[in-house]
Each structure stands twice: as C-alpha cells, then as structure tokens.
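Respectively, the protein sequence lines represent chains A and B. Residue numbers for the first sequence follow this note's numbering, beginning at 202 and rising by one. Residue numbers for the second sequence follow this note's numbering, beginning at 202 and rising by one.
Just so you know, not all the hints are guaranteed correct.
Since copy identity is lost for identical chains, a pair holds within one copy or between any two.
In silico BS3-like pairs for lysine-lysine, Cα to Cα no more than 30 Å straight-line [claimed, not checked]: (1) Lys345 with Lys224; (2) Lys336 with Lys372; (3) Lys340 with Lys224; (4) Lys299 with Lys340; (5) Lys320 with Lys224; (6) Lys372 with Lys299; (7) Lys345 with Lys327; (8) Lys345 with Lys440; (9) Lys345 with Lys320; (10) Lys345 with Lys372; (11) Lys299 with Lys224; (12) Lys224 with Lys372; (13) Lys440 with Lys372; (14) Lys440 with Lys336; (15) Lys440 with Lys340; (16) Lys345 with Lys299; (17) Lys336 with Lys224; (18) Lys336 with Lys299; (19) Lys327 with Lys299.
The hints are simulated quantities; they were obtained by calculation from the structure and are not laboratory data. All figures in this text were calculated on a predicted structure; none of them were measured in a lab.
Protein chains: 2
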Amino acid sequence: MLEVYHAEPVANTMKVLICLKEKQLDFVSHYVNLLLFEQHEPEFVAINPNGQVPVLVHDGNVITESTVINEYLEDVFPEIPLRPSDPLWCARMRTWSKFVDDYFCPALSMIGWHRMVRKVAQSLDKDQLDEVLAKIPLKRQRDKWATVAGESFSEQELAESRRRLGVSIDKMELMLGESEWLAGPEFSLADANSYSMVAGVRRLHPDLITVNEAPRCNDWLDRMEARPGLQAAMAMPNKVPETLRTFG
Amino acid sequence: MLEVYHAEPVANTMKVLICLKEKQLDFVSHYVNLLLFEQHEPEFVAINPNGQVPVLVHDGNVITESTVINEYLEDVFPEIPLRPSDPLWCARMRTWSKFVDDYFCPALSMIGWHRMVRKVAQSLDKDQLDEVLAKIPLKRQRDKWATVAGESFSEQELAESRRRLGVSIDKMELMLGESEWLAGPEFSLADANSYSMVAGVRRLHPDLITVNEAPRCNDWLDRMEARPGLQAAMAMPNKVPETLRTFG
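Generate the whole structure from the sequences, applying the supplied hints.
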C-alpha cells in the first residue's frame, strides 16, 4: 500500500503528486495542514523527524525528500516510466532536478515566505510564535520562521533571489530550445519536478516570464497544464486561502 | 572513451574517483589545478560553463555534478554495481547523498575555505584578486572568494558550520548502527560520496570524531581505507601543499 503525507498541490508536494498521477498509481492521501503547523506535531514528526512534507509510506516503509521519492517510485513501479531511458537524458534530468532543489526552489521560496508566510508569522503573538518555534525540528526551518516573524529578509537578499529566478527561467528557455521537454523528447521527472516552481514565478514575478521574453517556458506551461496527470494533481485538496499562496 | 577533468582526490572530485576505481573503469585523467585557477580558464569553461570540477566526458558527451556523474556511471556500466539493488536502500543512498551535498559538504567547505583557501586569497594583491574574480562564472563562487579575501566568514557562521559537522557525524553513527555500510549491507555510492567529507572532519575537527564519541565512524573509515578502490583513488595526483589541504 502507498500512503502519501502531503500539503496542498504546490512546491515539493506537487512534484510527488504529479509523479503519482502521471504514473496512475493509487495512494491513500493524508493532508497535512501547514497553516495549522501539523507538520511539527509529534504524530507527524514520528513519521518524518525533519517535520517536512511530502512523505511516502510504502508498505510501512518511510521515504522522504521529494526528489528521492520520485526516483523510488520509478524503481518500484516502472510500468509508466518517467525516467528517460537514454542515460544522457537521464543525467540531464538529474542535473536539472538538482538545480531546481538547490537554486530555483530556494529562491522562489524566499520570496514566497517574504510576501505570504510572513503574514502568518506576524499574525501570531509572542507566546504563539514561541510555541511554534519550539516544535520545529530543523534549525534551518526555525531560523526561517524567526526571520519572517521579525524583520524578514533584506532587500539585498530578495534582489538576489529575484535574480536567481531570472537565471532559472533563462536556463529553461535554452533547454527547451534543445528538446521538447526538459530532459529529452519525452515528458520526465525533470518536468514533474519543475512545474510548481515555474508556475510560482508566473504568480509572484510575472515580469520574468512574459510570452515575449520566455516563449518556450510559456508554451511548456500550456503543455504541462493540458496533461491529465497534472490536472489530477492540481485537483488535490488545497486549504490555503488565495491571498497566502506562494508557489504556483 | 571516458575522460575525467578533476582536481586532487578530495571533496567532489574524490566522490567520482572512488566510484571509477571501485568500478574498475579505465579513464583518461585531466588534472585541473585549482590553485592556478585553471577551472576558470576559457578552455575549461568551454567544457563546464560553471567552472567546476569534476566533469565526466563520455564519448564526447559532458556530464557534470559529482552525484549525477556517479549515477550515470551506474546506468552505463552496471557490471560492478554500487547502487543498492533493494529500492529502499537505494532511496537511503540517495537521501544520504543529498544530505552530504546540501548540508555536510557545505559546512566542511566553509571551515576549509576559512582556514586554508583564505591563505590563497589573501596572498593575492588587489589586481590579481580582481583578475581572478572576473573570471569566475558562478556568482556564488565569486562571492565565496570575495568573502575569504576580505573579512572571511563570521564567528557565528563558522560555529553553525561546526555544529552541522557534529549533526552529520551523529547521523552517520546512527546509520552505521543499522547497517554495515551507509546504505545497507554492501558498500555503495552512499559510502563513496561521503568518504572525503568524513576524512575532512578528522583533519579539521578531530574533536568531533574521536573513537569514543564516534566509534562506528572510525571503524567505517578504517574499512573504507582498506579498500583497493579507495586506495587507487587516493593515489591520484595531488599538487596541493599539506598546509593548504582542507577535505580529507
């Protein structure tokens, strides 16, 4: 049995939901409400000590980290493959997915936290904030919450993240000039792992992804959104109010 | 034909050299002297626009990123497998390798740059430094050089990195209590991808890896260093003076 602990269909949760739906795999869904800080509750931390979604549980075995979960799903359920069969395209899939994890996603995340998550943090009084912080297992995450509850990120840090979003979109434009999908002629995990970040740029920084400046990224978004698998992932529950949405 | 552009047998270069030697693959070695900034020269940047080693060139095709290179070598040369056949251990191999890339290696790198690379940066006069900086393709790398040429990292940043090394060693102790190697009963890429970082802790912060505090890590280091593959990787050229060595 496959069980998935996940939040709304964005960011790292979305990577795994797209993979599951494209592979037409059935799973038991456990919605973890991040606005209620359910990811830091003891029941969830017992499953993932890092207190982060998504988590896959396969026949009782826990697998964490969205990029790793998607490779695991490929290893165990190869019937509808999303990993390129050509090893060179497969390497491209992994290099790009790593870039998304290390560079693209953190840049978008900082801007999303500054614009939206900050509203949540600043709505808490000091006791509530202390209680939230005390439960966060990872110091990095604790520091991020403390930052947006306080003076938030500096203008310089935000400008650097915006620059990185531009670099990411430019890279995608180049790649989509070389092949129809991000890692070759077929849809792959490289696409699944990128969708929510690109849609997030469209949401938070539409100036970086105009049809004139980034025609291939726009065409790719259209093709992604026409896919039944992506539509099924998008239809998963989302309890976040429109005004607090960050990733696309 | 396999060609490898690499530096001395440490850090990310070492990950790939261990993998190649353990898999008994022949390759043409191109030593890139980082102390002479050869990684930023036009000839090398034409191969890897990021100006970073290691790079694998297989029949003319360029593959970058050490973790991705090692998976590629598995895909193309499966004869001596270093990827666990059990998908759960394989997921563990990937989760751990990602942790090494995202957390363990950057923490050690900061301390190494502060203690050793800083000596190189500060030995340059202003014109030389400007010339070096102007050639570095990645802004992140440029910023790191500028940091160690100036006031270097803060005490707070260095303390945080030291803390992260402790977290990394503690995690390894736990994992080595569950299985003989880092991702199961067999030596795997999880081990290959970690060796130089653990040996670097032994070099730069021996207090974090005493036999009393980290007996399993010490035993693992002994078993690693007894392997002919690792010994062959270690025997690759190293032009860095002892006083400037950072990773183990």
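Exercise for review: Tell me, in ascending order, the numbers of any earlier hints that this structure violates.
Suggested key: 1, 3, 5, 13, 17, 19
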